[in-house]
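Could you build the full structure based on these sequences and the hints that come with them?
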Amino acid sequence: AQSVSQHNHHVILSEAASLELGCNYSYGGTVNLFWYVQYPGQHLQLLLKYFSGDPLVKGIKGFEAEFIKSKFSFNLRKPSVQWSDTAEYFCAVTQGYGGSQGNLIFGKGTKLSVKP
Amino acid sequence: KAGVTQTPRYLIKTRGQQVTLSCSPISGHRSVSWYQQTPGQGLQFLFEYFSETQRNKGNFPGRFSGRQFSNSRSEMNVSTLELGDSALYLCASSLPTGLSMNTEAFFGQGTRLTVV
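Quick mapping for you: the protein sequence lines, in order, are chains W and Z. Each residue of the first sequence is one higher than the last, beginning at 21 in my numbering. Each residue of the second sequence is one higher than the last, beginning at -17 in my numbering.
I should point out that these hints are in silico values taken from the structure, not numbers from a laboratory. Glycine included, every Cβ here is placed at the ideal spot set by N, Cα and C. Any given hint could be a false lead.
[What the hints assert, rightly or not] Far from chain Z, by Cβ distances over 10 Å, these chain W residues were calculated: (1) A21; (2) V31; (3) L33; (4) S38; (5) V77; (6) E86; (7) F87; (8) S90; (9) S93; (10) D105; (11) N123; (12) G127; (13) K128.
[What the hints assert, rightly or not] Simulated restraints, written as ranges between beta carbons of each label pair: (14) W:S100 to Z:T20: 20 to 26 Å; (15) W:I32 to Z:S33: 27 to 33 Å; (16) Z:V98 to W:I88: 20 to 26 Å.
Encoded structure:
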């Protein structure tokens, strides 16, 4: 069965530090990859997505992620974090073409705490 | 436009009872998915409905069921509640595959179910 691993449970950074959150998935076929964010008390929101094409994708709020097929990875990065980035981040995957998001398989999430 | 609406927001039930949760998708969205979020297991896919038909199902016991109505509203039902069913239940709606590669799943605020 498809699975998603997020390596860090809790990351603590100071403002302006760079961020990289790891994500690996297990399926070897065609996949669609996503990063979602859940701010405290708010609903899940899509940060960015990869269906095909350029493996470096840019999302909202200065986030980007790189799809490395040979490593089954889709790591999330941000050059300089802000206190407002404090949230929980989820990597997710669906299988097949078309970018369907109807049956997302999520990682366990990474809590990011940014110290002002 | 209005987001995904889930009702009720909070629910307390007793072991052995059954519960029905409701989800109204964004207008025009015909795919509705349900997820269970717990601290231990994270976000787990329950099922996806499209045009009143279950399209995908996660690995949950038969006590968990759902349905979708002709107006795309969806309900999920959990029978014979167990303490372990205490969780945040999230609903997401999206455009169906094939209409747009840029489809995005929009999540509701969730229903917090506590089983005592």
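Going down the list of hints, with the structure as the test:
| no. | hint | result |
| --- | --- | --- |
| 1 | A21 | violated (8 Å) |
| 2 | V31 | holds (16 Å) |
| 3 | L33 | holds (22 Å) |
| 4 | S38 | holds (26 Å) |
| 5 | V77 | holds (12 Å) |
| 6 | E86 | holds (20 Å) |
| 7 | F87 | holds (16 Å) |
| 8 | S90 | holds (24 Å) |
| 9 | S93 | holds (19 Å) |
| 10 | D105 | holds (19 Å) |
| 11 | N123 | violated (4 Å) |
| 12 | G127 | violated (7 Å) |
| 13 | K128 | violated (4 Å) |
| 14 | W:S100 to Z:T20: 20 to 26 Å | violated (33 Å) |
| 15 | W:I32 to Z:S33: 27 to 33 Å | violated (45 Å) |
| 16 | Z:V98 to W:I88: 20 to 26 Å | violated (46 Å) |
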